[in-house]
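Protein sequence lines, in the order shown, are assigned to chains A and B. Sequential numbering of the first sequence, starting at 532, is according to our numbering. Sequential numbering of the second sequence, starting at 443, is according to our numbering.
Be careful, since some hints might not be right.
As the list claims (entries may be wrong) - Below 20 Å or equal to it, Euclidean Cα-Cα: the simulated SDA-like pairs (lysine to any residue) are:
id	chain 1	residue 1	chain 2	residue 2
1	A	Lys583	B	Asp536
2	A	Lys579	B	Lys509
3	B	Lys509	A	Lys707
4	B	Lys489	B	Tyr512
5	B	Lys509	A	Lys868
6	A	Lys707	B	Pro473
7	A	Lys583	B	Met515
8	B	Lys489	B	Met515
9	B	Lys489	A	Lys707
10	A	Lys583	B	Ser530
11	A	Lys868	A	Glu565
12	A	Lys706	A	Arg691
13	B	Lys509	A	His545
14	A	Lys868	A	Glu578
15	B	Lys489	B	Pro473
16	A	Lys579	B	Val547
17	B	Lys509	A	Gly617
18	A	Lys583	B	Val547
19	A	Lys583	B	Tyr538
20	A	Lys697	A	Lys579
21	A	Lys707	A	Arg662
22	B	Lys509	B	Pro473
23	B	Lys509	A	Lys706
24	A	Lys579	B	Arg535
25	A	Lys868	A	Lys583
26	B	Lys489	A	Pro546
27	A	Lys579	B	Asn539
28	B	Lys509	B	Glu478
Said to hold, decoys possible - From the structure, some residues in chain B lie toward chain A, with a derived Cβ separation under 10 Å:
id	residue
29	Trp451
30	Tyr455
31	Asn461
32	Asp464
33	Pro473
34	Asn501
35	Pro518
36	Cys537
Quick caveat, the hints were computed from the structure, so don't treat them as lab data. We treat Cβ as the ideally placed atom computed from N, Cα and C, and that holds for glycine.
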Amino acid sequence: MGNRIVVPFGPPQHPVLPEPIHLDLVLEDERVVEAVPTIGYVHRGLEKLVEKRDFQDYVFIAERICGICSFTHSVTYCNAIEHIMGIEVPPRAQFIRTIWMEYSRMHSHLLWLGLAADAMGFENLFMNAWRLREEILDDMEATTGGRVIQGSCKVGGIRRDIGDEKLGEMVDHLKKIRPLLEESNRIFTHDQTVRHRMRGGLGTLTKEEAWDLGAVGPTARGSGCDMDVRSSGYSAYGGTRVQTGHPPPHGGLSGSLPRPLGRGARSSRPRRTCGGKDARRPCRRKGEGQSGWRVLCLLRTAPPWRVHALHKGQRQEEHRPPPVRTPTLTNIPPLVKMLAGIDLADVPVVVLTIDPCIGCAER
Amino acid sequence: MSYITKSPWIIHYDGSSCNGCDIEVLACLTPLYDLERFGIVNTGNPKHADVFIITGGINELNRPIVKNTYEQMPDPKVVVAVGICATSGGVFRDCYNILGGVDKVIPVDVYVPDARPDPSPSLTASSRPWVFSKRNGQRWQRKGGEIIND
């Protein structure tokens, strides 16, 4: 048993982290005893900005809470405003929003899977995941005009329509992508390098711990909690059959690997939710997917009464910031729990399993 | 591009951006745009880096970090501010925690102003920064195809 020392992980610039977060790791020899996170390096103060912006303009600011799950943030903000003002959104707009949200989710998953592979040092898999992500982004760009920030959502509907012909093309494209995603998943589940890196229950979080510490999204589902905000049926998800939960971990794998696997496995399903027929015809549809994790927090924690204050004819100065609570923020306490007791060399891998999106978390 | 005799390595730091530019910077390195074919590698170590790519504006907390990272880089070095937020603060300029663009802290050579830069201009900017460098004449000279510091 050596003396305890404190090693800064990410000061906050760190090779493994695309975004700055600072962790003070208390070490005994190579073993992490405790991790003390520090955030605030990306804090901008977006919630306060609502006081200076019109609510229609703020849709675009809300979108810039995060550049990865950007569309979801704008939809969530619009949903809140529509709820308060009693605006009914046309079904087609609801469906197209859902299509874009699913696309956002797919590219977000692939991005994160790539970064998780990068954290393991599996460069090839990282590049492959990002190559697949570009396929998704192509359709996003073709339909919205933007790769990562779309600007396609507005209060009461959407700013752009997707033609029926294009919807058909998108379905065909998804069918082509599916086998590629499945192949990528197979590497994540069966490749020896990945399995070895995730060996021995690395970063395990029990179901009770996940619940008590407030884990959400894949982090919670990886621990066995059944949680998916899309099952609440917002936007057009009401007509979809959302699969929640995780596939059972493959033999011998435990710990943090179910988190990446869960997302990966579900990402491989072709998004029939996005199918042309479905968007034309709002009816019961085949839709599968897993996450909705980023939306979860926004929906849950942008209480209507707060945003309500915006629309009661108050003066600009009296506007209240809408409280936004994003998943990474709530997943930091579980992360701290996971980090305790692992080796220093495993810290990057475990940090990446919660998909740390610091831009979201700090706003 | 025969005048290039050295492949610049980049270091990326997320100032206080929304991630949009960060992932586009990383997308430059991945197979579709493939900046690495020029030998340009994303390094985590400022002492190995030639090009400092910053996304997002500057706030109180990250100001010393940006400055410190910049000072650790060996000369000659180039700073690329990717995105409108890194250029001027962008839509976040009115936020209470944003001081402004990167040039509030360190000198910027190349600006790539866009709310969500397409990888193409970022790619151009980071693969050939000396071509666009405002301080080209002062700090970088090409002699017989070789880039040297003055």
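* Restraint satisfaction for Asn461(B) [CB to CB of chain A, less than 10 Å] -> holds, 4 Å
* Asked: How about Asn501(B): closest beta carbon in chain A under 10 Å, or not?
  -> Holds, because the Cβ-Cβ distance from Asn501(B) to chain A comes to roughly 6 Å (cut-off 10 Å).
* Asked: Between Lys489(B) and Lys707(A), is the straight-line Cα distance small enough, at 20 Å or below?
  -> violated, 43 Å
* **Hint consistency between Lys583(A) and Val547(B) [alpha-carbon to alpha-carbon, up to 20 Å]** => violated, 26 Å
* Asked: Is the hinted pair Lys489(B) and Pro473(B) satisfied, with a Cα-Cα distance of at most 20 Å?
  -> violated, 26 Å
* To do: Compare the distance between the alpha carbons of Lys868(A) and Glu565(A) with 20 Å, and conclude whether the hinted pair is satisfied.
  => Between Lys868(A) and Glu565(A) the Cα gap is close to 8 Å, so the pair holds against 20 Å.
* Asked: Is the shortest C-beta separation between Asp464(B) and chain A less than 10 Å?
  -> Holds, because the Cβ-Cβ distance from Asp464(B) to chain A comes to roughly 5 Å (cut-off 10 Å).
* With a cut-off of 20 Å on the C-alpha distance, tell me whether Lys707(A) and Pro473(B) pass. => Holds, at roughly 18 Å.
* Proposed proximity, Val547(B) with Lys579(A) (alpha carbon, max 20 Å) -> It is violated: about 24 Å lies between the C-alpha atoms, which goes past 20 Å.
* Regarding the pair Lys509(B) and Lys868(A), is the alpha-carbon distance no greater than 20 Å? -> violated, 33 Å
* **Distance restraint between Lys509(B) and Glu478(B), which requires alpha-carbon spacing of 20 Å or less** => violated, 27 Å
* Asked: Given the proposed pairing of Lys868(A) with Lys583(A), does the C-alpha separation stay at or below 20 Å?
  -> violated, 39 Å
This entry does not satisfy hints 2, 3, 5, 7, 9, 12, 14, 15, 16, 17, 18, 20, 22, 23, 25, 28, 29, 35, going by the numbered hints stated previously.
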